[in-house]
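K.L.:
Now for the letters of each chain:
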Amino acid sequence: MSTHASHKKRTGLMDWLTTVDHKKIGILYLLSGGFFFLIGGLEAILMRIQLIKPENDFVSAEMFNQLLTMHGTTMIFLAAMPIIFAFMNAIVPLQIGARDVAFPYVNAVGFWLFFFGGVLLNMSWFLGGAPDAGWTAYAPLSTVSAGHGVDFYVLGLQIAGAGTLAGGINFLVTIINMRAPGMTFMRMPLFTWASFVTSGLILFAFPALTVGFFLLMFERVFGAHFFNADMGGNVLIWEHIFWIFGHPEVYILILPAFGIISEIVSTFSKKRLFGYSAMVFATVLIGFLGFMVWVHHMFTVGLGAVANSIFAVATMAIAIPTGVKIFNWIFTMWGGQIRFTAPMLFAVGFIPTFVMGGVTGVMLSVPAADYQYHDSYFVVAHFHYVIVGGLVLGLFAGLYYWYPRMFNRVLNDTLGKWNFWLFFIGFHLTFFPQHWLGLMGMPRRVFTYMSGQQLDTSNFVSTIGALLMGAGTIVLFINIIISASKKNIASADPWDGRTLEWAMPVPTPEYNFAQTPLVRGLDALYVEKTAGNGKMTPAEPVGEIHMPNGSILPFIMSVGMFISGFGFIYANWYAAGGGLGIVLITMFLRSVIDDHGYHIHKEEVEADIKGGRA
Amino acid sequence: MHADERLTDANFPDHPEKATLEGKNKFLGFWLFLGGETVLFATLFGTYLGLRNMHMDGPAGEEIFKLPMVFVATMLLLTSSLTSVYSVLAMKQNRVKAMQGWFIVTLILGLAFLGLEIYEFVEYVHEGHTFTSSAFGSAFYTLVGFHGGHVLFGCLWIATLLARNWNRGLTLVNAPKYYLFALYWHFVDVVWVFIFTVVYLMGKVG
Amino acid sequence: MINNEKVGFYEVMRKWLQKGRLLSLIAMLAILLTGCGDPTLSTLVPQGDVADKQFQLMLISISIMILVLVVVFVLYFFVLIKFRKKAGDDSMPEQVEGNHMLEILWTAIPILLLIILAVPTVMRTFEFDADAKPSKNELSLKVTGHQYWWEFEYPKEELITSQELVLPVDTKVHVELTTADVIHSFWIPSLAGKTDTNPGDGSKNYMWFDTGSKEAVYKGKCAELCGASHALMDFKVKVVSKEEYKAWVSGFKKASASTGDADGQKVFEKNCLSCHAVGEKGGNTGPNLTGFGEKEKIAGIMDHSKANLKKWIKDPQEYKPGNEMPKLPLSDEEVDAVADYLMELKLQ
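Chains as they are written, first to last, in my numbering: chain A, 1 to 614; chain B, 1001 to 1206; chain C, 2001 to 2348.
It is worth saying that the hints were derived from the structure and are not from the lab. None of the values given here were measured: they were computed from a predicted structure. Note that CB positions come from ideal geometry on N, CA and C, so glycine has one too. Hints are not guaranteed to be accurate.
Claimed, not checked - With a straight-line cut-off of 25 Å between C-alpha atoms, the simulated DSS-like cross-links for lysine-lysine are:
1) K417/A - K2082/C
2) K23/A - K1097/B
3) K2346/C - K2142/C
4) K2297/C - K53/A
As the list claims (entries may be wrong) - Derived DEER-like restraints, expressed as beta-carbon distance ranges:
5) K2327/C - F288/A: 33 to 39 Å
6) I2115/C - N572/A: 42 to 48 Å
7) L127/A - Q1093/B: 45 to 51 Å
8) N1053/B - S2331/C: 53 to 59 Å
9) M292/A - E2158/C: 45 to 51 Å
10) H1186/B - L580/A: 23 to 29 Å
11) T2285/C - W125/A: 44 to 50 Å
12) N1053/B - N572/A: 31 to 37 Å
13) F2073/C - H1186/B: 30 to 36 Å
14) A2087/C - I482/A: 48 to 54 Å
15) F477/A - N2099/C: 39 to 45 Å
16) T2285/C - N572/A: 57 to 63 Å
17) D456/A - S2213/C: 26 to 32 Å
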């Protein structure tokens, strides 16, 4: 008895809507994350133009608050995290020698939920105004905010967050269960390790935010009183919940960047990572400590000296594993053969920038001094050094590094260097003066400032820097367009890679590995290059390969959530219930329709191997 | 052997829920999911503990909680956890009818629990303890309601699972599903034990 | 201001630092940083005990951090220059696994540096938290944040003013903070760090600061996003001599609502008094306007002139979007009269 359905080959749009292939989902994440990155960047530039001179009236106060809220929210939830997921999807299964992720279907659900959540949130621009209470949405400002802006924030992010949680569980199981023979935990590339820890953080941090969003939604839509002091509510509950999620979120963002930098520094220095086990241990430790420091976002809330001191010392402790990482990167390059390609330039630019963000982080951990820094531009400077100077430079580095693997083409290296220098110089011009602005008394999240406070020059420089960053980003997009229009097919291993993602031809076969590879050490491909024939030793004979079928259900399910989100926003219970009904029906269909995937026959695989396609 | 073939006593594996890679993945993934659910309920408990004395003009917990009724509900749910254990034991011995029977008992007990909970909520609303009467009201209904929602989802899940696989016996595809449901049900049960303690007992004691 | 034991410990710290090699660095930094920014706004030009100590903490932490930066940057640039790939050199570098000695070193040294930083951190955090609640013998304030203005109550002096604090020099001020609506944050960068104003009696906050020895007008800010005009929620802190302060208090308490401008007063009483108090009479949903004629700013942000005042009365939303003051249907003559009246409101 065989119920294996014959494989329906879908093409074009339908293929992308139904795909469960982690490589394609990675590309979908990258495209939509990139799109939201542009929107978030545009919002930032509009804000900087408003602040180029004192008492400017380029945008209104209300518009500015919407811009600052959407800039933060978009960049973190809709740009940074999806691009991280893009690389996790595209690279992690390859790095561990797997044919797929553990739950391909859930993977697709995760992507489409994120996508429709992001679209829902951005619909607010056209439907009466975006959320305006900051990405932190502190109650009661968020609960009394007029219009539907904050409702879009709550529902949009709730839906996107559910997708992220699904993705996190998927990668945990993938990394634990699907590693190739010989790929022990302590042989996993650092990016895979970082993805593993990040997924763990997602699993334990996002449910707190889920609850927070439910409470906020109940308060706004159903008249609950969690944050209404007149009815016994307490606004600090929101702050705690938000930061119990929010601080791990910072590490969810930065750890994958650490992973990317580790891969690139090692590859372009032609050296194995210095102190690999210390790097792994530091990654895990940072993830663990990330859950015990949330109160450092709340030093001025009035929790008392005891709480503030405990969380101050815990925060300082994080500097230690982070420092270990910095020194290990420098000593990986020590004695190496450093090639300054575009990805390496970004990685090299990352190191000092991130260190500067790190040291201001330690300064901020001192509560008594933080009373001065808190909610000033000093904080804005600090977290942009960490998130842009750290994460975004890491993501750019990863993009240039893995672009050949993801898109079978190379990006132009010269344009890449232009991209780097414009962005890097623009970045420091934008954010370095903001340290002084904060110390000189400028609060953050202000739509304007009066003249005569000696804040004008630094603000002007900062805006010029932001425009340069924008120019750098435009160069990146030109580079992408040029590479897409030319037929410069990449080689399979353009950087003389050390890890498994470079061990198969381009384009990557849909089953990744014709034969599951046998891993014989850290830097599995490098081991074979020096001790073998330069190819991975197979761990199994050529055989039938089982693949999952695509499905349109994840897309439909997410459309259902999207409709339901609208329903809750406008208190239209038919739409809310109908949307949830669609979700339940797709879940029901998924569980009653037997779908066992399909097989790629041995002969096809053999033909691929012979033709150099696998 | 294909994963969806009916298992016989001859080819029955020791752990049918973990006999395939898919099964192993689901098994691990679900445990992790329950880890996330733990954080979710921990956050709800935290919120409730922060607001449980804020009943304002409405009735306080100790005035309205009806321990005998809640105790019956607790017994129903605890028993249903036990019957789901019997189901899994039967599953591991390939006794399909017994497994189905015990799951049906589990389902009925779950529905009875839900019925009691709804009755309880209606009573409270009549006594002026509503979702919007105070911060305590909001926190109470959110915490207990989230749990109730989980019970309801569990009931829908096992009903679908049983109906779909009624005549198929046990296979390597459906065995993990039964097993995961049982895991879920135990989790929901454990959460209830905490609710019974934190909300009702602590509420009564003061 | 603070008890002697703590001063003693601080002196020990200071001496220790003076002996250490951090001294020259701190001195250099102090020169570099001090004097940066508007002297009535910048945290880098601290006045009074609290801001001073916060500035010192900044210097200590920046010094330690610059030490770290220098070490990292020297290593970094050395490596980048020394180990770039030379043309034609295709040799494979030695694959080093790690080095236990080095790794222990760069774990242990940061721990030491952080301990050095943690000691004054914890000390100061407790110091600023101690005896913040209102005390009988010292000056106490009740600060209430409103969208988008500040209400200042002097409970012992039994007076309520708005937007502009008047305080005597060299005085420790105890502050109780609360809000009438959303969360704000009370910040006078020159004098002390900020503290949030939380809604609800259960979440009241307390802080203290010292007014310093200089007579000056310091700028105050709201530091927590509180709505559209968050950026415009400025206030002033006038630090005056102790005699002037006493005179201000007694003048304020004697202040009367009549200025001789009967027309303006009539318009005011008819249209404004339900929200704004002057002297004994009036509501408290808007800023108290007693002594308005002597204020530094209108609505906290505009220069103090009759022309600006008229603009403000005619359209408050134009200058402070989202604030609670309605645009009243006043004729030009009425606006003119009420502006005249308000500009005449002076303390005796």
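K.L.:
Given the range 30 to 36 Å, decide if the beta-carbon distance of F2073/C to H1186/B lies inside it.
P.N.:
violated (56 Å)
K.L.:
Taking the Cβ atom of T2285/C and the Cβ atom of W125/A, is their distance within the range 44 to 50 Å?
P.N.:
violated (34 Å)
K.L.:
Check the hint pairing K417/A with K2082/C against an upper bound of 25 Å on the C-alpha distance.
P.N.:
holds (21 Å)
K.L.:
Lying within 45 to 51 Å: is that true of the beta-carbon distance M292/A to E2158/C?
P.N.:
holds (46 Å)
K.L.:
Can the suggested window of 33 to 39 Å be confirmed for the beta-carbon pair K2327/C and F288/A?
P.N.:
violated (56 Å)
K.L.:
Evaluate the given range 23 to 29 Å for the C-beta pair formed by H1186/B and L580/A.
P.N.:
holds (26 Å)
K.L.:
Given the hint that K2346/C pairs with K2142/C, does the C-alpha gap stay at or below 25 Å?
P.N.:
Given pair K2346/C, K2142/C holds - Cα atoms ~23 Å apart, limit 25 Å.
K.L.:
Are K23/A and K1097/B close enough, with their CA atoms no more than 25 Å apart?
P.N.:
violated (43 Å)
K.L.:
Can the suggested window of 39 to 45 Å be confirmed for the beta-carbon pair F477/A and N2099/C?
P.N.:
holds (43 Å)
K.L.:
Using the Cβ atoms, figure out if D456/A sits within 26 to 32 Å of S2213/C.
P.N.:
Because 30 Å falls inside the window, the suggested range holds.
K.L.:
Is the distance from the Cβ of I2115/C to the Cβ of N572/A consistent with 42 to 48 Å?
P.N.:
For I2115/C and N572/A the Cβ distance comes to about 59 Å; the hint is violated.
K.L.:
Holds or violated: K2297/C and K53/A, Cα atoms, limit 25 Å.
P.N.:
Satisfied, since the Cα-Cα distance of roughly 21 Å is no more than 25 Å.
Comparing the model with each earlier hint shows violations of hints 2, 5, 6, 7, 11, 13, 14 and 16; every other hint is respected.
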